[in-house]
Each structure stands twice: as C-alpha cells, then as structure tokens.
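Novice: Residues per chain are reported as follows:
Protein chains: 2
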Amino acid sequence: MENFTFYSPTEFVFGKNSETLTWKLLKKHQAKKVLIHYGGGSVIRSGLLQKIENQLKENRIEYVMLGGARPNPVDSKVYEGIELCKTENIDFVLAVGGGSAIDSAKAIADGSKYEGDFWDLFDNKAKIEASLPVGVVLTIPAAGSEGSGSAVITKESLGLKRGVYSVFHRPVFAIINPELTYTLPMYQTAAGIVDMMSHIFERYLTKSTGVELTDRLSEGTLISIMEAARVIFKNPTNYDARATICWAGTIAHNGSLGVGRVEDWVTHGLEHELSALYDVTHGAGLAVMFPAYMKYTIDEDVNRYYQLATRVFGVERDENNKRGVALLGIDKLVEFFIEIGMPVTFDEIGAKKEDINFLLNQLEINRGFPVGSFKTLSKEDCRNIYLLACL
Amino acid sequence: MENFTFYSPTEFVFGKNSETLTWKLLKKHQAKKVLIHYGGGSVIRSGLLQKIENQLKENRIEYVMLGGARPNPVDSKVYEGIELCKTENIDFVLAVGGGSAIDSAKAIADGSKYEGDFWDLFDNKAKIEASLPVGVVLTIPAAGSEGSGSAVITKESLGLKRGVYSVFHRPVFAIINPELTYTLPMYQTAAGIVDMMSHIFERYLTKSTGVELTDRLSEGTLISIMEAARVIFKNPTNYDARATICWAGTIAHNGSLGVGRVEDWVTHGLEHELSALYDVTHGAGLAVMFPAYMKYTIDEDVNRYYQLATRVFGVERDENNKRGVALLGIDKLVEFFIEIGMPVTFDEIGAKKEDINFLLNQLEINRGFPVGSFKTLSKEDCRNIYLLACL
Chain P
706 MENFTFYSPT
716 EFVFGKNSET
726 LTWKLLKKHQ
736 AKKVLIHYGG
746 GSVIRSGLLQ
756 KIENQLKENR
766 IEYVMLGGAR
776 PNPVDSKVYE
786 GIELCKTENI
796 DFVLAVGGGS
806 AIDSAKAIAD
816 GSKYEGDFWD
826 LFDNKAKIEA
836 SLPVGVVLTI
846 PAAGSEGSGS
856 AVITKESLGL
866 KRGVYSVFHR
876 PVFAIINPEL
886 TYTLPMYQTA
896 AGIVDMMSHI
906 FERYLTKSTG
916 VELTDRLSEG
926 TLISIMEAAR
936 VIFKNPTNYD
946 ARATICWAGT
956 IAHNGSLGVG
966 RVEDWVTHGL
976 EHELSALYDV
986 THGAGLAVMF
996 PAYMKYTIDE
1006 DVNRYYQLAT
1016 RVFGVERDEN
1026 NKRGVALLGI
1036 DKLVEFFIEI
1046 GMPVTFDEIG
1056 AKKEDINFLL
1066 NQLEINRGFP
1076 VGSFKTLSKE
1086 DCRNIYLLAC
1096 L
Chain F
706 MENFTFYSPT
716 EFVFGKNSET
726 LTWKLLKKHQ
736 AKKVLIHYGG
746 GSVIRSGLLQ
756 KIENQLKENR
766 IEYVMLGGAR
776 PNPVDSKVYE
786 GIELCKTENI
796 DFVLAVGGGS
806 AIDSAKAIAD
816 GSKYEGDFWD
826 LFDNKAKIEA
836 SLPVGVVLTI
846 PAAGSEGSGS
856 AVITKESLGL
866 KRGVYSVFHR
876 PVFAIINPEL
886 TYTLPMYQTA
896 AGIVDMMSHI
906 FERYLTKSTG
916 VELTDRLSEG
926 TLISIMEAAR
936 VIFKNPTNYD
946 ARATICWAGT
956 IAHNGSLGVG
966 RVEDWVTHGL
976 EHELSALYDV
986 THGAGLAVMF
996 PAYMKYTIDE
1006 DVNRYYQLAT
1016 RVFGVERDEN
1026 NKRGVALLGI
1036 DKLVEFFIEI
1046 GMPVTFDEIG
1056 AKKEDINFLL
1066 NQLEINRGFP
1076 VGSFKTLSKE
1086 DCRNIYLLAC
1096 L
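The listed protein sequences derive, respectively, from chains P and F.
Under the working numbering, think of the first position of the first sequence as 706, with each following residue one higher.
Under the working numbering, think of the first position of the second sequence as 706, with each following residue one higher.
Isolated chain P, as found in the complex:
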C-alpha cells in the first residue's frame, strides 16, 4: 500500500428534499453574496432554479445568476464568471447542475481569487493558493465533481482540455437529492454511469500491491452501480436505485477508492481528446475508450483483470485460463455498456480513424509521452488503443 493523504472535508447532505436546505448551508458558510452558476434549460424547466432563488430571497441572501455552463466547460464562461464575481463582490459560488456547472464554478472560484489569467492555474504556470468557497446542488450523478478536488476546463481557442487537482476544489457542501435525477434522459443517465465506473477503473488498474481493501470496495461499488442501473432502465423513478447511483458517483471520485494506490487516468486523457474534437459526451467517449484500453493492457496484469472478471462480472473462475476469463470480463463490460445504450466504437460517436494522428498530437501537447502508470504508453501504444476503439 502506498502512503497517502485522504482529506474529503465536503459536507454531503443527501436525500429527499435536501435541496430545501440550500439557504441554511449558505448561511452556515457565511455567504453574503452568491454567484449561482448553472447550465442549460433543465434546471429552469424543472423549477429547481426558481426554488433556490426563492429560498435565497426569503432568507435575504444576495445573489447573481450565471447560466450557460455547458458539457466540457469552456474558458470563455469562466472568464465571464470571474468578471462577474469581481464586479459584484461575490463571496460564494453555488453550482446547480452536474459536473460541467461544478467544474466551471470551481474555475470561476479560483480565478476570482487570482490576480492573473485563471488559465495559468490550469496550465501549470501557477498553483492555486486560494479560492472562493463552492457549494453544490447536484442534478447529474456522473463526474463526481461534487465531492472531488478535480476540475476540467477546455481552452477553446487552443483546443486544450486541462484538469487540475486542488484541495481548494473540494466543495464545502454538496446537496444531493436523488429525486432530482428522475427526469434525467436515459442517455445522460447512462453516460453518467459509465463516467463513475471509469473513475473506479482508473484507480482499480494499478501496479500498487497490498490494496485488497480498496479493491473490494471498488468491486462492491461497481456491482452496485450495474445492479442499480438495470433497475433504473426499467423504472426511472426507483428512489433507491437513483440514490445508489448518486452516492456511488460521489464515492467513485472523492478519493476513497484511490487511497494507497497509484492511479492511472490515461483513458481519461485519451477520451478528453475525443470530446474536445467531437464534443461527444464524456461518458459516451469513455464507453468507447475503456474496453479498448483494457484489451490493450490485459497482459500488463492478467491476475487483476481476472479478479475483475470473476468478482464483478460474474465470469466463472478458471485458474487454467485466466487470460480467457479476463477477456470475458471485458466482453461483459462491453455488453453492459451496450445494454444501457452507450456507444462502444469510434463510428458510433462520429469519431474518424483518420483523425487519430490529430488526437495523438493533441494528447502529446496536453500530456506528453509516455503517459500512464498501470502501463507506460508510447504514442504508438496510444495509436493502437485508438485503433482498437475503431473496431
């Protein structure tokens, strides 16, 4: 087991009607003037945004609205938010939505406390030393940003997608009402499920030893996610299944499943280039990339893939054919992705084989080669993985 620090100071308020406590949590954190940052129409249509506005009005908490956070959130919206925070003397950023609104909110919070160009903080030019507090009302279980220290922003003009980890990115509170996810379209529900499963895979696929405990926690979470997904696809308003997905999405990325292990994150890197170029939903891109990555790296640790196949995907044990069992496990994962309506090939997301060179060049700019820790990957390795994803 590797040495680690685990620090997850977010207060999670989870359950039915929990969003009605937003004002109380804002008061608890001495919010005087709040930037409410959100995405598109769904939080307006559902009435959620109006309810939150009403709460703030009734409790005399000043606020300013900023909508328009979009999937793969972009720097232009962050600049707009920072400007607003500075001119309006905002002291708290409240994200209402999913990972895009939250990540965008985190970057806005960073930039509001930074003198220079906020992109410095995402481009390794400066370290985040302060940030406004961020709170969350979650509507999309997927990115896990409500409980993580991560934020990913795309610089549109350069086509760069960069993620930064900081303890300042951990929201001070996160309100999670599973009922708010009942109306989430099935495609988005499924993409969220792939996203959270991928957050676990990025940690599960490790060379660190002595990690049996987090292996088992990860396997239990994966099984629960798939079981709950199948319930939701029959009955989208099953509370317990929605709640399971919501909480699984949070713990999949708050660090608790990564303690004591070297994490990988190469597949996220491979996918980031896809969604930067084609603007495909992150989870859908991951459904395409993860099976390819797994097949390509299976011989890096057949035992680990064998463990995954037998413990999570219910493949029968066969000590004499571990590689075969391991491959069957990956097949089962692909079957599951297809079952929940996710794409599993380049074609299905409109990605083109002839763009692979461009994707690799972008990956080189964003990450540099070699990449990866579970298996160290050269540019050629990554090309092979993209090619596998075309099949």
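Check each hint, because a few of them may be wrong.
What the hints assert, rightly or not - Each pair of labels, with its calculated beta carbon distance range:
1. F/D1036 / P/E1005: 38 to 46 Å
2. P/M770 / F/N1008: 44 to 52 Å
3. F/T725 / P/V1007: 32 to 40 Å
4. F/N1008 / P/T914: 16 to 24 Å
To be verified - Stretch by stretch, here's where chain F covers chain P in the computed footprint (C-beta under 8 Å, at least three residues):
5. 707-721
6. 930-944
7. 947-953
8. 960-971
In short, the hints are calculated from the structure, not lab data.
C-beta atoms are modelled at their ideal positions from N, C-alpha and C, and glycine is treated no differently.
For this one, chain P is given, so just place chain F on it according to the hints.
Specialist: Using the frame of chain P, we list chain F on its own:
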C-alpha cells in the same frame, strides 16, 4: 435508503513515517500550546512519545504532557486534563495512542471550552457547542475514534459509561503509520479487529432498505479485515496487512459504511456494561456479545444474515435452507474469533451469570428499555442475549 448527512472533515495522513509530520500538521492548525495526551508505557517504550516531543521542541511548539489515559477512559483523567488545559492556556489537544487516549482527549477538549461540569455533555444535560481542536497519532487500530465523532467516557463513581456523538469530536487530523502497530500484542491486535468488525455489524444489521451499496462496501471491508488478520497472525510485521487493518478500522467508524441506514448499537450497549463491571477489553467483550446477539436476532431478518454468511463467510448458498446457512455464518464468525484468540463466552472473560441482573439494571440506567432498532429489545430480550453469551 434513508436521508443522511456525511461529514468527515478529518485529514488522514497515512503511511510509513507519517508521524514525522506531526509538527507540520500542528502548525497548519495554528497550535500554539499543545496538550499531549497518552496512555501507558508502550508509547514511551517505543520512543514514539520522545520523537514527538523532539519535533515540537525543534519547531518551537509549546506543549504539556498528560499520560495515564486507560482502557475504558474515566472521568477523573478528563477532569485532570481540563484543569491542565485551563491553567496552561492549551489551544490544541494531541492524542497519542488508541481509542482510550483519543476519547479522553476529545472529552478534555470539550470540557476546556465548557463552563460547567464536562459530564453534563455526556449525560444529555448540555450540548457540545465548542471544543478545542484534537489531532491524533494513532498506535492502536480498533476504536476508529481517529476518524469518528464518537467519544465514550466512564464515570467511575456511578459506574456509568456514556458515548456522545458530536461533529466537534472529529479530529482535525489523524496520523496513521501502520508500522507503529507492529509491536502491538496479539491479544490487543485481535481485540481491535473484533472492535472494528463490530462497528460494521452495528451498521450492517439494519431494517433500512435500498442499502445494497453500503452492504457491499461493508462486506468487502469485513473480508479484507479477516484476510489481513490471518496474515498478521503469521507475520506481525507484514506492512500491507497492518495497513489494511489500520485503514479498515478508520473507515469502519468514520460513518462511510453507515450512510443511508438506521444504525443499531445495542450490542455495544450490552458490552459496555460488561467492560464497566469487569474492566474487560472492549473488543474481547464484543467477541462474547456479538455472536449471542446475532443468534438471538436471526429471525428478525434471515435474508440479511444469509447474505452475510454467503458473501462474507463463504458459506455455500442454499435458498431452501436460508436459516441454516445464516446460522453457519455466525458459527464461522465464532470460529474466526477463536482463531485469533478472542474469548466467546462469559466464562472466558470472568463474567458471571449471577451478575446479569446487575448488568441489566445498569443498561436500564444508561440506555433505558426498550433498546435497539434492528430488533427492539426488552429487558427480557437482553437477559436472553446475556444468557446466550454464557453458553
């Protein structure tokens, strides 16, 4: 799944040599004058205490020492600590040791910020509204107090043992170096293992539904604990096994396995009376009480016990004989306790059948009847459980 709040703001610094960072964490939390609270001779003999003193001296952090925290920590030591904190203007309490030192430190921290008698806070007469910050250097994985909001103190003159939950009881940091546990006697290692398993059972045995995710997290943790225990009993200096036990002990009680479920804690109540009367090690008392409690409550939810038996204890599935399988699971638990040298009957801990009336009366004073949520227990039910523990 029940609504819940999960808030675990402790910074866990885990791994080899992590205790060398004590001074840094104290500085981070602006500690000016520290009360170092510890138990008996082991932290002195190992040189740990001296190392920590040296760190504080070198980094010009003032401190005062208070030893003598003992298992089932008592009010007299708490009063002594509070007096010391007040006269010495202590602003930070550092516990070095296991659950006893930590719980005692928490109560001292409470009392130092309370005008009246600290016992009011443990006797439901007043609510904890403030407390000094508490940090931990852990040497005994068992109680989970390093990551929990719990503290249990015994008022000796009245023979009362009372636990209080408060968010103020969550340490601001906890340093956990598994190597510090290499020299822990096997009896204490085993008692700690029973303690952490019991913290999981108290949450696992619930009537709450829709809790499949935390069921699986709990089951995975239980399996990992037992596997690691068996390694330690062969090789006490196996780092990964010690690390697994250390981290399992923390997550078993930081709340992460209890989210969304009504917890029980009756068996802890039954055991508290045993250890108050006989001064038996808490974990050893739990090894006696849990199998008895489980056998008595098996019909409350045979399916849950069947799940435990098949998923955790490896009993073969038999849908036609769920009760039999469930009972076999409890037998396997007893076998495991015996394997690691724990007592499993009244006799083995020097407890007497003829004291059961006294135990029940004390339980009535401390908890009142009925008790329990998984199964609501009358005084007669509790008598029956104590009687089962005599067999």
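Novice: Each of the hints needs a verdict: does it hold here or not?
Specialist: Hint by hint, here is what the structure shows:
1. Between F/D1036 and P/E1005 the Cβ separation comes to about 41 Å, which falls inside the hinted range of 38 to 46 Å.
2. The supplied range of 44 to 52 Å is met by P/M770 and F/N1008, whose beta-carbon atoms lie about 49 Å from each other.
3. Distance hint for F/T725 and P/V1007: a CB-CB separation of about 38 Å, consistent with the stated range 32 to 40 Å.
4. For the hinted restraint 16 to 24 Å between F/N1008 and P/T914, the CB-CB distance of approximately 36 Å leaves it violated.
5. A count of 15 residues in the region 707-721 of chain P with a Cβ less than 8 Å from any Cβ of chain F is obtained; the coverage claim is therefore met, three being the minimum.
6. Residue count for the region 930-944 of chain P with a Cβ under 8 Å from a Cβ of chain F: 3. That meets the three needed, and the coverage hint holds.
7. Check on the region 947-953 of chain P: 4 of its residues sit with their Cβ under 8 Å from a Cβ of chain F, so the three-residue criterion for coverage holds.
8. Coverage of a stretch by a chain is defined here by at least three residues with a beta carbon nearer than 8 Å to that chain's beta carbons; for the region 960-971 of chain P and chain F the count is 3, and the condition holds.
In the structure shown, a violation is registered for the earlier hint numbered 4 alone.
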